[in-house]
Amino acid sequence: MDWSPLVISLKTSFTATAIAFVLGIIAARLIVGLHGRVKALLDGILILPMVLPPTVVGFFLLLIFGRNSPVGKFLLDLGMRVVFSWEATVIAATVVSFPLVYRTFRGSLEQIDPTLVQAAKTLGLSDVLIFFKIQLPIAWPGAVAGTVLGFARALGEFGATLMVAGNIPGRTQTIPVAIFFAADGGDMAQAKIWVLIIVAISFAMVFAVNLFGRSGHEHLRRH
Amino acid sequence: MSIYVDIKKSLANFTLQVSLEADHDWVGVLGSSGCGKSMTLKCIAGIEKPDEGVIIINGKTVFDSSKRICLPPQARNAGYLFQTYALFPTMTVRQNLEIVLKNTKGIEKQNRVEQMLVRLSIGALAGRLPAQLSGGQQQRVALARILMMNPQIVMLDEPFSALDNFLRNQIEHELREILADYHGTVLFVSHNRDEVYRNCRRMEILDEGRVVASGSTDELFRNPGSLAAAKLTGCKNIAVAVKIGDRKIHVPSWGIELDTAVSVPDDLQHVGIRAHHIVPGEVGKNSNTFPFLVKPFASTPFSHTEYLTLDFAQTTAMLQPLQREISVNHAISSQMDSQTQYKCYCLPPEDLLFLR
Amino acid sequence: MKKITMFMASAFLFVNVHAATAKTEIIVSAAASLTDAMKELIVAYQKVDSSVKVTPTFGSSGALQKQIEQGAPVDLFISAAPKQMNALEQQGLILSNTRKDILENQVVLIVPKDSKAQVTKFEDLAGAKVKQIALGEPASVPVGQYSEEIFKKLGILDVIKAKSVYAKDVRQVLTYVEMGEVDAGIVYATDAIISTKVTVVATAAPGIHSPIVYPAAIVKASAQPKVAKDFLAWLSSPTASTVFKKYSFVVK
Chain A
1 MDWSPLVISL KTSFTATAIA FVLGIIAARL IVGLHGRVKA LLDGILILPM
51 VLPPTVVGFF LLLIFGRNSP VGKFLLDLGM RVVFSWEATV IAATVVSFPL
101 VYRTFRGSLE QIDPTLVQAA KTLGLSDVLI FFKIQLPIAW PGAVAGTVLG
151 FARALGEFGA TLMVAGNIPG RTQTIPVAIF FAADGGDMAQ AKIWVLIIVA
201 ISFAMVFAVN LFGRSGHEHL RRH
Chain B
1001 MSIYVDIKKS LANFTLQVSL EADHDWVGVL GSSGCGKSMT LKCIAGIEKP
1051 DEGVIIINGK TVFDSSKRIC LPPQARNAGY LFQTYALFPT MTVRQNLEIV
1101 LKNTKGIEKQ NRVEQMLVRL SIGALAGRLP AQLSGGQQQR VALARILMMN
1151 PQIVMLDEPF SALDNFLRNQ IEHELREILA DYHGTVLFVS HNRDEVYRNC
1201 RRMEILDEGR VVASGSTDEL FRNPGSLAAA KLTGCKNIAV AVKIGDRKIH
1251 VPSWGIELDT AVSVPDDLQH VGIRAHHIVP GEVGKNSNTF PFLVKPFAST
1301 PFSHTEYLTL DFAQTTAMLQ PLQREISVNH AISSQMDSQT QYKCYCLPPE
1351 DLLFLR
Chain C
2001 MKKITMFMAS AFLFVNVHAA TAKTEIIVSA AASLTDAMKE LIVAYQKVDS
2051 SVKVTPTFGS SGALQKQIEQ GAPVDLFISA APKQMNALEQ QGLILSNTRK
2101 DILENQVVLI VPKDSKAQVT KFEDLAGAKV KQIALGEPAS VPVGQYSEEI
2151 FKKLGILDVI KAKSVYAKDV RQVLTYVEMG EVDAGIVYAT DAIISTKVTV
2201 VATAAPGIHS PIVYPAAIVK ASAQPKVAKD FLAWLSSPTA STVFKKYSFV
2251 VK
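Line by line, the protein sequences give chains A, B and C.
Those letters in the first sequence? Residues 1 to 223, per our numbering, in order.
Those letters in the second sequence? Residues 1001 to 1356, per our numbering, in order.
Those letters in the third sequence? Residues 2001 to 2252, per our numbering, in order.
Honestly, I wouldn't trust all of these hints.
[Unchecked claim] Footprint (simulated), chain C over chain A, 3 or more residues, beta carbon under 8 Å:
id: 1; region: 23–29
id: 2; region: 126–139
id: 3; region: 165–179
[As the list claims (entries may be wrong)] Below, computed lysine-lysine pairings styled on DSS-like, alpha-carbon distance capped at 30 Å:
id: 4; chain 1: A; residue 1: K73; chain 2: C; residue 2: K2163
id: 5; chain 1: C; residue 1: K2066; chain 2: C; residue 2: K2100
id: 6; chain 1: A; residue 1: K73; chain 2: C; residue 2: K2083
id: 7; chain 1: C; residue 1: K2039; chain 2: C; residue 2: K2003
id: 8; chain 1: A; residue 1: K11; chain 2: C; residue 2: K2161
id: 9; chain 1: C; residue 1: K2047; chain 2: C; residue 2: K2023
id: 10; chain 1: B; residue 1: K1102; chain 2: B; residue 2: K1049
id: 11; chain 1: A; residue 1: K192; chain 2: C; residue 2: K2066
id: 12; chain 1: A; residue 1: K133; chain 2: B; residue 2: K1231
id: 13; chain 1: B; residue 1: K1049; chain 2: A; residue 2: K133
id: 14; chain 1: C; residue 1: K2131; chain 2: A; residue 2: K11
id: 15; chain 1: C; residue 1: K2039; chain 2: A; residue 2: K73
id: 16; chain 1: C; residue 1: K2197; chain 2: A; residue 2: K73
id: 17; chain 1: C; residue 1: K2163; chain 2: A; residue 2: K192
id: 18; chain 1: A; residue 1: K39; chain 2: B; residue 2: K1009
id: 19; chain 1: A; residue 1: K192; chain 2: C; residue 2: K2161
id: 20; chain 1: A; residue 1: K133; chain 2: B; residue 2: K1105
id: 21; chain 1: A; residue 1: K11; chain 2: C; residue 2: K2163
id: 22; chain 1: C; residue 1: K2163; chain 2: C; residue 2: K2066
id: 23; chain 1: C; residue 1: K2113; chain 2: A; residue 2: K73
id: 24; chain 1: A; residue 1: K73; chain 2: C; residue 2: K2116
id: 25; chain 1: C; residue 1: K2066; chain 2: A; residue 2: K73
id: 26; chain 1: B; residue 1: K1009; chain 2: B; residue 2: K1231
id: 27; chain 1: C; residue 1: K2197; chain 2: C; residue 2: K2131
id: 28; chain 1: C; residue 1: K2252; chain 2: C; residue 2: K2053
id: 29; chain 1: B; residue 1: K1109; chain 2: A; residue 2: K133
id: 30; chain 1: B; residue 1: K1231; chain 2: A; residue 2: K39
id: 31; chain 1: A; residue 1: K73; chain 2: C; residue 2: K2131
id: 32; chain 1: B; residue 1: K1008; chain 2: A; residue 2: K39
id: 33; chain 1: C; residue 1: K2083; chain 2: A; residue 2: K192
id: 34; chain 1: C; residue 1: K2047; chain 2: C; residue 2: K2197
id: 35; chain 1: B; residue 1: K1105; chain 2: B; residue 2: K1049
id: 36; chain 1: C; residue 1: K2197; chain 2: C; residue 2: K2053
id: 37; chain 1: A; residue 1: K192; chain 2: C; residue 2: K2220
id: 38; chain 1: C; residue 1: K2083; chain 2: C; residue 2: K2161
id: 39; chain 1: C; residue 1: K2252; chain 2: C; residue 2: K2121
id: 40; chain 1: C; residue 1: K2152; chain 2: C; residue 2: K2083
Honestly, the hints are just simulated from the structure, not real lab data.
Backbone N, C-alpha and C fix where the C-beta goes; we use that ideal spot for every residue, glycine too.
The following block holds chain A by itself, in its conformation from the complex (with noise of 0.2 Å):
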């Protein structure tokens, strides 16, 4: 059997969710610092990706990155070609799990007691000191929740990936899409095959970060 839909499903996944964690991170300090319209305007435009449908998010990738946009031109005279390349998975793959590292994280940001954050600056303590060793150690749980889910649907995704990464076995081929052609061409062996992998992987993680999120935050409960 051709194992590599599986290695390239998890290179793409691992680095897809490791990029979704850093920007989600990062983008949930930002907006939380933000007030009113523009906060409203930028939050959507950052969780757009997660509530259009796949193809349309494709499509707006195949726009931005395509051989005929701005972008695309100034990447292939770098010599970087993105549509049907491997780096086209990452894209698709970070662009719709972002929104859910983003968003989780965020929500967890925003319960924070207010008043830590306001006696931290009359101690003098830097907004980015603030973040790295109050609310982050704090908030820790959702950006872990949040991972996990952009993970999950990293590994899942299917539709955008198709349209800017195409089928292309042993270098786009993820395991959704493998699934997809498997079945399509009436291979329903393979397919299932496919399909109990990533089941499989996909209880192993959420198995796995309960176990480590029930013990590893025991010491914030109240007495």
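Dock chains B and C against chain A, hints included.
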């Protein structure tokens, strides 16, 4: 002047307009809930921004709306003790203190933290998390944290409100001890007049965003001067009064005329007398003595309250009762019982409060 | 009692009259390469028999075959290769006596209109100038099967596989080439002709792949076999043939 505040801020129900100054002393800020006292502290700390005004802490202008100066809280070095203490929950006590010394390194940092832990007797708690501490212990840690930064001013926002009665005294005592070494100004915000009376030599009384009385605590309690100040300092008997002579006033809602010890001011609007100043008396022998219908009202373990109204035989108008309070020893010695009866009581002229 | 009877009689009449004037609907599953031709044919058929509503659904022949196997309510199936029709016939899902080959097609090599890769024949695809090729997924898309046969015959299959991106139907292959994201693609002559953004550089010689025949048949589970048969018969009429020829199909 270690602290000078003159600010104005528009709030939901009223406009906060506070002007106060203090000089290395404990200053109480007394007011009922929602009158703007916490907001004033927050403006001084820099957590909230006044619409206009000036705030100067130890000679440093931290806020001046006309010059567009508004220093961030980090630059003001104003210690603020929050009601909930705001200890950082994911850090141990030691870490909570260490983080204040972010610019200090190594041995010096360790030493200073150790010193503070010893000074406030919280060494044994160093490795614990805030959730594992009692209220009193949390307060000590919070104070330690504030003192770590050598604050220019210490502001206590209702420090005892969240505590049980029993703990209150103990912790109040501890607080005074801990801050005994601190020689800057301490602003003590509270809605409890007893606390302010015990701890502050000077006080400001706030009502609906404005300072209605300011001065020495002793003086203000003895002579509140205004209706709001009288209420906030716990005067239970206040009524509209009319000057009818140089040393005589008429109080319609009590149905009586009273002699005063000093000349009555022309702008008199109200008169007040504290509940514990009403004493037994004899008609004819003491001035301002009347036969009252006495209704016992409530007893706590340590005091007894009665409601006094003028004998109905002498008047038919609806009258406001006077409240009299006595501590429990006197109750026993006067053999109070629960039945309504007639008694003569005196409102000593020297205890009458003239209020605007 | 009389009132209820009157009510029910009129309701019955109403429903029947309504039913009588409603159109009969048949669903035609057709290979993706037939998209444009079929749409035009359906409009033309309206004038022939306005009581029939023909609803088309398009996709790769493999996908359509599976839908029928899963019980989709299809009346008429037109595949782009015998393989998918054979599979259905073996499972007894079509009326064998209605099966007939109605069209033939040709396979062509296309490049984006502004291509600089200098591709002139199928063999050029193995060259270094060609970095990415779009092909139909061989397992489910007939044009993908034919492409593989061509490459096998030319002995360059392995080289080509390394540069291929597989589409889920022939129209997607066309789109990839139109977008310029690939250097070349293999589609039917009938697809190339409707696009203004691609250039046909070569046509596959006869014999280099199995004959491209489009079989059509009535699905056994059809609810309207007579209506479907009439439509199928009409697809061989002179009017229909003109439309097919317009799109470069070869009419059998």
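Taking each numbered hint in turn, which are not upheld by the structure, reported in ascending numerical order?
Checked against the structure, the hints that fail are numbers 1, 2, 6, 7, 12, 15, 25, 30, 34, 35 and 36, while the rest are satisfied.
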